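Could you slot chain B onto chain A? The hints should help.
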Amino acid sequence: MSKGKILLVDDDPDLVEAMRLVLEGNGYECVHAPNGTRAIEAIPKEKPDLMVLDVMMDDLTEGFHVAYKIRKPEAGLEPFRGMPIIMLTAIGQRTGMKFDQKADADFLPVDEFMEKPVQPKELLAKVAHLLSRARGGRPAN
Amino acid sequence: MELLAPAVVVASLAAAALAFHAQRKAARRCRSTDESIARIKGEQRRVLDALALAEQASSRILTPGELKNTLERIANEAAGLLDAQGVRLEIKSLDGKGEPSILYSGHFPESTDIPGRPPRGVGGETLGAILTIPIRSGEHGLGELRVAERPDRPLDTLEIHVARLLAQVVAIAAEYRMQREALEKAEEDKRRFVLATTHDLRSPVATIEQLAQVLREGYAGEMTEKQKELAAKIHGRATHLLGLLSDLLSLAIEDQQLDQMRPVAPVSLAAVFDSQIEAARVACEGRGVELIASRQDSPMMRMAAQGDIENIFANLLSNAVKYTPRGGRITATLEDSPGGVLFRVLDTGIGIPKDSLPRLFVEYYRAPNAREIERHGTGLGLALVQKLLRKYMGRIRIDSTEGKGTLAEVMLPPE
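If you read the sequences in order, they're chains A and B. Position 16 of the first sequence, counted from 1, bears residue number 16 in our numbering, the numbering being contiguous throughout. Position 148 of the second sequence, counted from 1, bears residue number 148 in our numbering, the numbering being contiguous throughout.
So that you can see chain A by itself, here it is in the shape it has in the complex:
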């Protein structure tokens, strides 16, 4: 029994494989979309419980657009409006692009930010926490 289905949206297949090893090794089911467009197509079909979303794919801000489409939400995505989203950034604090969930929540509608490379334990902890919060506090089984 899977602990939840996670949609990994990233254009780097090797990074996806690393995250897949961590998540699948811990009882999650993973599906992959290589860009924003494919992610939007995959959501209604795969019905993921959570999404890990890269920011820069085909363009510098593709991930942000995907997040907006889910939260707004666009037609067909209504049931996924509240889906937890973890946003991944390859550039972080050093470049001045330091994201802060509290400060940026209004214009970046995601639940968590993580900088690549992610610490496996931290990723697992955040996924478990967000899934349990989305299920109304019930722990995943």
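Certain hints may be false.
[Unchecked claim] As a list, the in silico DSSO-like pairs of lysine-lysine whose alpha-carbon atoms are at most 27 Å apart: (1) B:228 to A:121; (2) B:404 to B:322; (3) B:404 to B:354; (4) A:5 to A:45; (5) A:45 to A:126; (6) B:233 to A:121; (7) B:226 to A:121; (8) B:68 to B:92; (9) B:387 to B:190.
Read the hints as simulated data drawn from the structure, not as lab findings. Values in this document were obtained by computation on a predicted structure and should not be read as measured data.
Chain B only, in chain A's frame:
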């Protein structure tokens, strides 16, 4: 006596007539002076109105926003001031792709040209003359200002001067605005380039680090001790390379002075000190180095980008940690003095050779003994600290004895 009387009467009459005449003349002269004054006042009013219009036009053009609407307002106001049938301002503006597009604005009578007949408006109305003044910047044509006279009211000399003045003012303001926009676009392109490069450089290294970490932590299955050791080495090197790329990119960004990316706000130096000491403490414990930290009990506020201050404190602390052997001691203090806030890091580390001291702030420079201890340093830390301090009029002083230790002192002057 009787003979004299009529003569006196005649003389008196003549005198009265003369006086009356003189009075009339004076009154006429007065009236004409009054009229002149009124006329001069009227002209003065028109000149002042024209100057006000020109001034308003230039400040409107320089205000960011839709240029077409701005030109529309200026043209309409000019038409009012010149009592013209219509005024049209045409400005060539460059779009994002460098293609010129002409912005027309203002009401202007459309004419229908029928050969052999005087031009008429589309509605059949008679048209007056059209005055066309090029809007030029040097040899470079930016557009033109066209004024359509009312058929029954030609422009006078002053109005023609006003139209010329307006065209010149619009030319200067429009050119300035275009240059500013081009500069902003270049800055934006540069910023996007740095972001894209950052991403392209960091991504593959981040993936190597990620894969190595997943491997060594056993997520892809158990490994032998030797395999784990090798995976740890790959992980370590990738982490180092990622740090080096970050330092390089920090420098590139500081060079670009992308101030807007790091907003300036009131920052408590004390709070930054506390959080950086906390981070350094973890590193010190891992290396068996004692860390003593103390600071004055006040927030010590400065207007700064928090990231800059963090970078300055973190760099000096991490240098001390890196170059202080096991069993050594680091003393960090922060205090407010009349000359400014003093941040001091004193260590009992390897110190810096005397002949290396002058080269410490040169990018990529690393003292020979530093290279022995920490093979993979970037030599960018102190160069970055110095660059950041310049932004805040701060200064850094390094005092060191090889084999004994180093004192790094940063002074951030009062605002």
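Against the structure, the hints:
1. For the suggested pair residue 228 of chain B and residue 121 of chain A, the alpha carbons sit about 18 Å apart, so the restraint of at most 27 Å is met.
2. A C-alpha spacing of about 15 Å is found between residue 404 of chain B and residue 322 of chain B, which places the hinted pair at or below 27 Å, so the restraint holds.
3. Between residue 404 of chain B and residue 354 of chain B the alpha-carbon distance is near 12 Å, which keeps this suggested pair within the 27 Å criterion.
4. Among the hinted pairs, residue 5 of chain A with residue 45 of chain A is consistent with the structure: their alpha-carbon atoms are about 12 Å apart, no more than 27 Å.
5. For the hint linking residue 45 of chain A to residue 126 of chain A, the alpha-carbon distance of about 24 Å falls within 27 Å, and the restraint holds.
6. A hinted pair counts as satisfied when its Cα atoms are at most 27 Å apart, and residue 233 of chain B with residue 121 of chain A qualifies at roughly 20 Å.
7. For the hint pairing residue 226 of chain B with residue 121 of chain A, the CA-to-CA distance comes to about 23 Å; that is within 27 Å, so the pair holds.
8. Proposed proximity of residue 68 of chain B and residue 92 of chain B is supported: the alpha carbons are some 11 Å apart, at most 27 Å.
9. For a cut-off of 27 Å, the pair hint linking residue 387 of chain B to residue 190 of chain B stands: about 20 Å separates their Cα positions.
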